[in-house]
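Please work from the sequences and hints to get the whole structure.
Protein chains: 2
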Amino acid sequence: MVTILQAAAALRAKQLSSVELTDEALARIARLNPKLNAFITVLDDEARARARKADAEIVAGVDLGPLHGVPIAVKDVFATKGHRTTAGSKLFFNNITDYDAAAVEKLRKAGAVIVGKTNMHELAFGITSNNPHFGAVRNPWDTERIPGGSSGGSASAVAAHLVFMAIGSDTGGSVRIPAAFCGTVGIKPTFGRISRYGVLPLDFSLDHVGIFARSVRDTAVLLNLLAGYDARDDSSSRQPVKRYVPGPEAKIRGLRIGWPDDLNGQRIDGEIHVAIDRAARMAENLGAVVVPVQVPDHIALNAAHRVILHSEVSALMKPFLSQRDKFSSALLALLQQGLLLSATDYVDAQRFRRVAMQEFAKVFQKVDCLIGPTTAIPAPKIDQTDVSFEGETEDVRLAATRLARPANLLGLPAISVPCGFTQQGLPIGLQITGRPFEETLIFQVSAALEDASNYSGRVPAIASAPDPEKASNNRRTR
Amino acid sequence: MVTILQAAAALRAKQLSSVELTDEALARIARLNPKLNAFITVLDDEARARARKADAEIVAGVDLGPLHGVPIAVKDVFATKGHRTTAGSKLFFNNITDYDAAAVEKLRKAGAVIVGKTNMHELAFGITSNNPHFGAVRNPWDTERIPGGSSGGSASAVAAHLVFMAIGSDTGGSVRIPAAFCGTVGIKPTFGRISRYGVLPLDFSLDHVGIFARSVRDTAVLLNLLAGYDARDDSSSRQPVKRYVPGPEAKIRGLRIGWPDDLNGQRIDGEIHVAIDRAARMAENLGAVVVPVQVPDHIALNAAHRVILHSEVSALMKPFLSQRDKFSSALLALLQQGLLLSATDYVDAQRFRRVAMQEFAKVFQKVDCLIGPTTAIPAPKIDQTDVSFEGETEDVRLAATRLARPANLLGLPAISVPCGFTQQGLPIGLQITGRPFEETLIFQVSAALEDASNYSGRVPAIASAPDPEKASNNRRTR
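Those sequence lines, one after another, are chains W and V. For the first sequence, the numbering used here gives the first residue as 1, with consecutive numbering after it. For the second sequence, the numbering used here gives the first residue as 479, with consecutive numbering after it.
Fair warning: there could be bad hints in the mix.
As the list claims (entries may be wrong) - Just some of the chain W residues that point at chain V, by a computed CB distance under 10 Å:
1. D142
2. T143
3. S236
4. V289
5. K318
6. A330
7. L334
8. G338
9. L339
10. Q350
11. Q358
12. K362
As the list claims (entries may be wrong) - Examples of chain W residues toward chain V, derived with CB under 10 Å:
13. D230
14. D234
15. I308
16. S311
17. F320
18. S322
19. A343
20. R351
21. R354
22. V355
These are calculated hints, taken from the structure and not from any lab test. Predicted model, so just to flag it, every value in this text is computed and none were measured. Note that CB positions come from ideal geometry on N, CA and C, so glycine has one too.
Put into structure tokens, the structure is as follows:
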């Protein structure tokens with residue numbers, strides 16, 4: 001069972017029950033979480049109770065949609081009523097809210113079974129998910145490697161088939177980077193598309209709620225559910241939601257796909273380059289037109305993103321900085337650096353941001369979407385600080401984030417979809433970026449490529465070993 | 479002849495010609511500008527040519543609307559094709575553009591006769607209009623006093639009956655303060671309502687285009703003309719324009735007018751307080767309900783405005799700061815201080831701004847508009863730095879701006895309408911602030927008060943002395 005749509009069909013056909021699915025998820029978590037460290041909190045009892053209720057509802061003919069009775073996970077940055085929400089930080093060790101985040105509310109209403117809260121980078125401010133307080137999250141394809149971050153636990157849990165989907169947050173690639181490193185689908189929709197109410201903020205002008213799943217169609221089903229205006233989030237958009245209704249065949253004939261010339265100037269791992277080229281050729285074989293386009297300089301886009309990110313995070317965290325022992329020394333240093341930025345630097349970055357948005361709007365008059373790699377490197381090792389390629393050394397964090405940050409700066413929807421594996425067996429992510437509020441188009445393109453290549457939903461070795469608990473469950477079902 | 483609507487009627491009735499009106503305006507400028515210094519550039523020839531064309535058009539039955547053939551003025555911050563636009567700064571001494579600002583374009587299309595470009599505070603960054611490069615603008619009610627600023631020349635020219643209307647820009651009160659000090663009507667509409675294309679920017683998140691005229695109905699006619707979306711200004715709003723069609727009687731029965739309790743805590747000149755109280759009672763007599771309301775703290779609103787203003791202006795001017803001799807020493811010091819602000823201060827101010835907007839939205843659920851004084855003091859003397867009242871001393875610039883700045887921070891529409899005179903004969907301005915894009919309501923309220931009190935359009939002594947040129951013109955007409 002790989003996708004939510006498959007699980008939903010099986011639940012409706014009474015081929016299995018939500019209790020079985022949930023028990024299986026909890027058993028896999030019990031078996032694999034000690035190796036992956038993907039969860040901070042597992043909600044066994046609550047999940048089982050919700051699953052029993054879902055089964056009763058389904059028997060009674062209630063149908064809450066495809067998530068009804070399906071086990072899922074939530075990044076530990078989303079408020080969940082009655083449970084703690086840590087943001088991976090000591091500051092919020094005992095932060096128990098009496099309300100749900102908007103996205104959690106919607107998932108619950110859709111009948112999803114929340115089995116736990118996922119581990120993450122400290123305060124979501126980084127991409128290794130090597131958490132000093134809750135331990136490093138591991139990549140299920142190679143547990144010596146990072147899953148990416150900041151939503152590393154959500155990606156790891158979905159990739160290891162612990163849950164069918166998870167939500168995360170993305171401020172500079174924090175959904176797409178772990179999706180690429182772990183071989184899941186991951187989307188960061190347009191700024192304002194999913195409510196951020198109840199999400200512990202990192203950076204108000206860059207934070208987005210995002211989704212991890214094991215297929216493009218699952219991701220689309222989830223975005224349909226989570227998108228929409230929410231008065232409780234003042235950045236929430238009133239733009240009507242375009243629903244992507246995934247058909248059996250996604251056609252892209254005649255679509256114009258932009259290939260940013262800028263990619264040619266960026267250092268990108270050779271195997272990744274090959275995979276992306278292959279995806280582009282595949283799109284052409286499916287009838288799309290791949291068009292080279294000029295886009296604003298990625299160095300300037302990254303610089304503007306960094307100035308805005310650091311300024312806004314430091315402003316937000318300033319009141320907490322006197323509690324030095326609540327931060328890792330690395331994070332404290334980052335936050336203190338942010339205090340040194342000048343207002344005019346920040347204003348200049350915001351001005352550049354507006355100009356860049358206009359420039360990208362022009363690009364999107366010529367093409368329907370842009371493609372490229374999600375990351376310039378595959379998942380690095382835990383504690384690896386630098387990466388060398390083409391004879392030069394680069395900070396791992398920069399190599400991982402520089403292709404992902406622009407979509408946050410610009411508020412554009414971007415999806416990462418698996419498009420291959422390195423020879424070492426590490427997943428490679430293809431990033432497709434679209435026009436504001438045109439998520440349907442990037443779903444269409446990524447679904448077509450997924451259908452033609454089938455890299456999504458593969459099972460890493462760690463998760464494919466037989467599971468006694470699952471075997472017994474299956475026996476009981478038959 | 480006081481208002482545009484009167485002039486338009488007379489032109490249509492062929493009781494006078496645009497050439498006569500324009501000659502009269504130019505003659506008054508020739509006579510009074512040496513005393514008022516309201517103009518940096520007078521466009522005699524171009525104005526006369528346009529007036530002749532207007533007369534020919536009117537004879538031919540062309541009707542471009544109420545501004546057709548009417549002499550007006552433009553603050554020297556609006557680009558005017560083929561003429562210099564200085565922004566009152568040495569930096570732009572020879573800045574001749576080959577295009578018109580959007581507002582100028584619209585005025586021209588409406589057949590207005592632009593007689594000149596008005597003097598202003600250096601770079602629009604201040605409220606005295608005591609310009610170090612072009613000389614101090616004088617208040618026509620007392621030429622020893624400032625007209626307010628930064629659009630001081632526009633206010634002075636309209637108040638002294640040199641032109642029927644003028645446009646200005648308002649970043650922290652730069653239209654409403656001079657309107658109050660000079661006894662004209664002045665409006666700063668909602669942020670994004672009038673295009674800023676072609677306006678030399680001071681501060682992109684606070685700058686608004688505004689209008690000076692001698693009656694509320696004139697002001698409304700002009701806003702109808704100037705409002706609307708413009709793709710060339712990325713802050714321009716697509717909100718549909720509500721047109722205010724001024725009837726002979728403005729009714730306010732049943733309207734709820736908010737009286738900010740915050741005013742009670744502010745130091746306000748006694749005579750101004752009396753005038754505002756009188757206006758409030760007048761509104762009640764006309765059937766409106768005056769309701770005390772709690773509004774966010776004005777000190778915080780002013781602090782946030784100041785941080786944003788100084789950060790954005792300094793970012794904008796940073797590239798010019800090496801040209802030290804192009805700035806007055808006072809302005810240079812202000813701009814250098816702005817460089818010292820931190821990014822986190824700026825971010826905090828923007829966060830507060832969003833919260834304050836939400837707070838004001840709640841206030842506007844209870845009332846239709848807010849009233850209060852435009853300024854805490856009447857026009858001070860040129861070179862006066864402090865003002866003393868209630869036993870304390872305050873910087874003139876703060877006393878003049880603190881009631882006006884919040885509407886810029888919040889983007890709310892606000893009008894200043896004459897509501898009395900001090901015993902020394904200085905005008906007093908009543909400020910009416912409305913909901914976003916609800917200019918029609920503040921026009922309705924201010925028109926009702928104007929009708930009931932008739933403080934608008936009065937002629938200062940300096941302008942009421944007989945003008946030989948005008949007399950001869952009138953003879954010719956009869």
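(message) When the structure is checked against the list of hints, which entries are broken? Sort them ascending.
(response) 1, 2, 3, 4, 6, 7, 12, 13, 17, 18
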